Amino acid sequence: MVSQKREKSLDVQQMIADKKNKGLGRKAEKLVPTILFITAAVSVLTTIGIVFTLIFETIEFFRRVSFWEYITGTEWLPFAGEPSYGILPLVLGTLKVTGIAIVVAVPLGLAVAIYLSEFASDKVRRVIKPILEVLAGVPTIVYGFFALTFVTPMLQKIFPSLEIFNALSPGLIIGLMILPTIASLSEDALSSVPNAMREGALGLGSTKLEVALKIILPAALSGVLASVVLAMSRAIGETMIVSLAGGSTPLFNFDVTGSIQTMTAYIVQVSTGDAGYGTTIYYSIYAVGFTLFIFTLIMNLIASWISKRFREEY
Amino acid sequence: MVQAIVREEQQTKQEMKVLQNQPRENVYETNNLNLWYGDKHALKDINLNIQENNVTAIIGPSGCGKSTYLKTLNRMVELVPSVRTTGEINYRQRNILDKGYSVEELRTKVGMVFQKPNPFPKSIYDNIAYGPRIHGIKNKKVLDQIVEQSLRGAAIWDEVKDRLHDNAYGLSGGQQQRICIARCLAIEPDVILMDEPTSALDPISTLKVEELVQELKENYSIIIVTHNMQQAARISDKTAFFLNGEVIEFDATDKIFSNPSDKRTEDYVSGRFG
Ligand SMILES: Nc1ncnc2c1ncn2[C@@H]1O[C@H](COP(=O)(O)OP(=O)(O)OP(=O)(O)O)[C@@H](O)[C@H]1O
Ligand SMILES: [Mg+2]
Numbered sequence: 001m002v003s004q005k006r007e008k009s010l011d012v013q014q015m016i017a018d019k020k021n022k023g024l025g026r027k028a029e030k031l032v033p034t035i036l037f038i039t040a041a042v043s044v045l046t047t048i049g050i051v052f053t054l055i056f057e058t059i060e061f062f063r064r065v066s067f068w069e070y071i072t073g074t075e076w077l078p079f080a081g082e083p084s085y086g087i088l089p090l091v092l093g094t095l096k097v098t099g100i101a102i103v104v105a106v107p108l109g110l111a112v113a114i115y116l117s118e119f120a121s122d123k124v125r126r127v128i129k130p131i132l133e134v135l136a137g138v139p140t141i142v143y144g145f146f147a148l149t150f151v152t153p154m155l156q157k158i159f160p161s162l163e164i165f166n167a168l169s170p171g172l173i174i175g176l177m178i179l180p181t182i183a184s185l186s187e188d189a190l191s192s193v194p195n196a197m198r199e200g201a202l203g204l205g206s207t208k209l210e211v212a213l214k215i216i217l218p219a220a221l222s223g224v225l226a227s228v229v230l231a232m233s234r235a236i237g238e239t240m241i242v243s244l245a246g247g248s249t250p251l252f253n254f255d256v257t258g259s260i261q262t263m264t265a266y267i268v269q270v271s272t273g274d275a276g277y278g279t280t281i282y283y284s285i286y287a288v289g290f291t292l293f294i295f296t297l298i299m300n301l302i303a304s305w306i307s308k309r310f311r312e313e314y
Numbered sequence: 001m002v003q004a005i006v007r008e009e010q011q012t013k014q015e016m017k018v019l020q021n022q023p024r025e026n027v028y029e030t031n032n033l034n035l036w037y038g039d040k041h042a043l044k045d046i047n048l049n050i051q052e053n054n055v056t057a058i059i060g061p062s063g064c065g066k067s068t069y070l071k072t073l074n075r076m077v078e079l080v081p082s083v084r085t086t087g088e089i090n091y092r093q094r095n096i097l098d099k100g101y102s103v104e105e106l107r108t109k110v111g112m113v114f115q116k117p118n119p120f121p122k123s124i125y126d127n128i129a130y131g132p133r134i135h136g137i138k139n140k141k142v143l144d145q146i147v148e149q150s151l152r153g154a155a156i157w158d159e160v161k162d163r164l165h166d167n168a169y170g171l172s173g174g175q176q177q178r179i180c181i182a183r184c185l186a187i188e189p190d191v192i193l194m195d196e197p198t199s200a201l202d203p204i205s206t207l208k209v210e211e212l213v214q215e216l217k218e219n220y221s222i223i224i225v226t227h228n229m230q231q232a233a234r235i236s237d238k239t240a241f242f243l244n245g246e247v248i249e250f251d252a253t254d255k256i257f258s259n260p261s262d263k264r265t266e267d268y269v270s271g272r273f274g
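Protein chains in written order, with my numbering: chain A, 1 to 314; chain B, 1 to 274.
Derived by calculation from the structure, the hints in this document are not laboratory data.
Quick caveat: nothing in here was measured; it's all calculated off a predicted structure.
Do not take every clue at face value.
Distance windows between CB atoms, simulated [said to hold, decoys possible]:
no. : chain 1 : residue 1 : chain 2 : residue 2 : range
1   : A       : P130      : B       : G63       : 34 to 40 Å
2   : B       : G100      : A       : P218      : 28 to 34 Å
3   : A       : V138      : B       : D98       : 45 to 51 Å
4   : B       : D166      : A       : S43       : 39 to 45 Å
List of simulated lysine to any residue pairs, SDA-like, C-alpha gap at most 25 Å [what the hints assert, rightly or not]:
no. : chain 1 : residue 1 : chain 2 : residue 2
5   : A       : K214      : B       : N34
6   : B       : K122      : A       : W305
7   : B       : K140      : B       : A155
8   : A       : K208      : B       : A155
9   : B       : K122      : A       : I302
10  : A       : K208      : B       : S67
11  : B       : K140      : A       : L213
12  : A       : K214      : B       : E104
13  : B       : K122      : A       : S307
14  : A       : K214      : B       : R163
15  : A       : K208      : B       : K116
16  : B       : K116      : A       : P218
C-beta: ideal position from N, C-alpha, C; glycine also.
Let the sequences and hints guide you as you build the complete structure.
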């Protein structure tokens with residue numbers, strides 16, 4: 001039985017009580033959530049504002065141009081004497097570039113991710129990961145110039161029929177641009193699979209490659225797919241590279257060697273030109289912007305569906 | 001399948017030996033094994049012979065090197081980059097520490113069950129079929145048969161037979177551990193290493209796993225690390241007592257628990273330290 005209190009040099013309970021009564025802690029406790037709420041509200045309101053502007057200007061556009069013509073038309077000629085607003089050539093331009101980029105970036109990005117997470121030593125990983133993150137931060141205008149002045153001339157040596165402006169070169173470069181995103185995020189997903197999975201599989205006589213491809217990759221599938229979807233929406237929204245190296249000829253065909261125009265490149269073309277306020281051309285950039293927004297929204301929905309459908313179970 | 005035939009041969013040999021009252025063969029002969037994690041000398045001059053179709057228990061206080069020794073037996077310990085070993089471990093007369101020895105081949109013969117159940121995030125069926133599949137068995141009928149046989153072998157068939165295609169993570173911890181044992185049985189190994197396989201389980205699941213170990217020793221050689229003294233006494237034929245990286249005593253389980261020759265063993269098994 002302890003009947004007498006121990007002799008103490010420090011009374012921790014007393015100190016805690018003193019601290020609690022000091023006013024600042026109390027006030028901060030109430031003030032901080034309010035500040036956080038205001039910050040959150042401002043950013044939500046801004047977003048809502050942007051979306052509404054987009055919607056109103058788009059509605060104005062569709063007062064002038066038939067919605068049906070817009071989504072099924074195969075000719076985009078806003079500057080012609082008799083203008084025609086069929087979005088499909090622009091969508092196709094975007095899809096060509098995005099498709100090429102994904103074909104380049106997914107296999108390479110996954111290879112890098114698997115190498116880093118399953119095979120590389122700690123030392124190698126510590127060197128390469130930051131490099132990837134720096135690569136992801138290179139301004140896209142640099143990539144654009146690189147595509148136009150280096151990659152296109154080089155490709156022309158291999159394919160002499162390649163035009164100066166084409167889908168291939170910016171597609172490849174966008175692939176290079178989104179590769180670090182896929183590699184880095186997929187690496188995070190792969191290396192967060194618990195080591196117990198690796199041990200279990202190695203213990204059954206698997207090789208490291210079998211462990212990586214048959215256990216770790218499927219276990220990290222949701223993270224890996226999410227990285228691909230994120231990279232895809234970056235490719236769709238990419239502007240500088242396609243403006244510089246893709247051209248400004250919206251054509252409805254499946255040729256990747258000729259000049260194209262993407263949705264983003266069209267918006268740049270009009271915004272930097274002198275289309276007057278209130279003209280149909282002016283409203284068209286909102287319609288195109290809204291279309292782009294729909295595409296990105298779909299990407300986000302796919303991403304959240306993926307993370308629900310392929311939730312990690314371990 | 002080939003392994004099954006080989007095992008049958010081994011079994012008949014075994015039966016003959018029992019009839020002729022010959023000693024069982026050693027699966028493992030460890031000679032002067034030393035192991036370091038960097039500068040830390042974790043195993044010191046280990047000499048141990050482990051007999052086939054026996055349950056060998058490894059006991060000792062925390063940090064004495066039980067897991068390290070077990071993981072050396074299938075070379076899993078090499079996953080730690082700083083590990084260095086000297087000496088030899090002969091598995092069926094071949095030194096597994098030789099550079100040329102294929103770890104994949106070794107681990108196909110020597111299965112392992114871990115402390116925390118670690119099924120793959122796949123269906124129960126795919127968990128069991130994983131091992132046979134990576135070793136080239138693709139035929140659906142054969143796989144079905146292997147899956148059923150392994151789940152029966154691990155005494156969990158009745159509990160999961162209606163949900164083979166559900167994710168293994170929907171099972172209880174005890175069931176997951178038996179899935180892991182079944183996964184190991186599916187490639188019909190020669191030896192099964194178990195590192196505290198019941199320490200994360202409730203008493204009833206523990207009992208089930210213990211009964212299972214008793215059944216499995218007919219066909220497999222089992223080496224089990226445990227902190228549970230009663231468990232070692234109940235299920236093992238031989239017991240090795242480890243202390244600070246050394247083997248203090250290795251003998252028949254009865255002898256270790258009733259009449260140990262070393263004072264330190266006696267202190268440990270009677271609960272006076274550790
Ligand atoms: N990866 C590692 N790196 C460095 N030292 C390690 C490593 N793993 C184990 N050790 C050390 O080696 C010694 C033996 O560890 P081991 O895990 O084999 O002990 P154990 O007998 O299994 O203990 P427990 O009963 O707690 O599981 C310990 O002193 C431990 O600190
Ligand atoms: Mg241990």
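Taking the hints in turn, this is what the structure says about them:
For the hinted restraint 34 to 40 Å between P130 of chain A and G63 of chain B, the CB-CB distance of approximately 36 Å keeps it satisfied. The given range of 28 to 34 Å is respected by G100 of chain B and P218 of chain A, whose C-beta atoms sit roughly 32 Å from each other. Distance hint check for V138 of chain A and D98 of chain B: the Cβ-Cβ separation is about 49 Å, which falls inside the suggested range of 45 to 51 Å. Between D166 of chain B and S43 of chain A the CB atoms are about 42 Å apart, so this pair conforms to the stated range of 39 to 45 Å.
Restraint check for K214 of chain A and N34 of chain B: not satisfied, since their Cα atoms lie roughly 35 Å apart, outside the 25 Å limit. Between the alpha carbons of K122 of chain B and W305 of chain A the distance comes to roughly 19 Å, so the proposed pair stays at or under 25 Å and holds. Distance check on the hinted pair: K140 of chain B and A155 of chain B sit about 22 Å apart at the alpha-carbon level, within 25 Å; holds. Proposed proximity of K208 of chain A and A155 of chain B is contradicted: the alpha carbons are some 31 Å apart, above 25 Å.
In summary, the hint linking K122 of chain B to I302 of chain A is supported, as the alpha carbons are separated by about 23 Å, within the 25 Å threshold. A distance of roughly 22 Å separates the Cα atoms of K208 of chain A and S67 of chain B; the hinted pair therefore holds under the 25 Å criterion. The hinted pair formed by K140 of chain B and L213 of chain A meets the criterion: a straight-line CA distance of about 21 Å does not exceed 25 Å. Note on K214 of chain A and E104 of chain B: the hinted pairing holds, with a Cα-Cα distance of about 16 Å set against a maximum of 25 Å.
Proximity of K122 of chain B to S307 of chain A is assessed by CA-CA distance (about 16 Å); at most 25 Å being required, the pair is judged to hold. Between K214 of chain A and R163 of chain B the CA atoms are separated by roughly 22 Å; this keeps the pair inside 25 Å, and the hint holds. The straight-line distance between the Cα atoms of K208 of chain A and K116 of chain B is roughly 22 Å, inside the 25 Å bound, and the hint therefore holds. Using a Cα cut-off of 25 Å, the hinted pair K116 of chain B and P218 of chain A holds, with the two alpha carbons roughly 21 Å apart.
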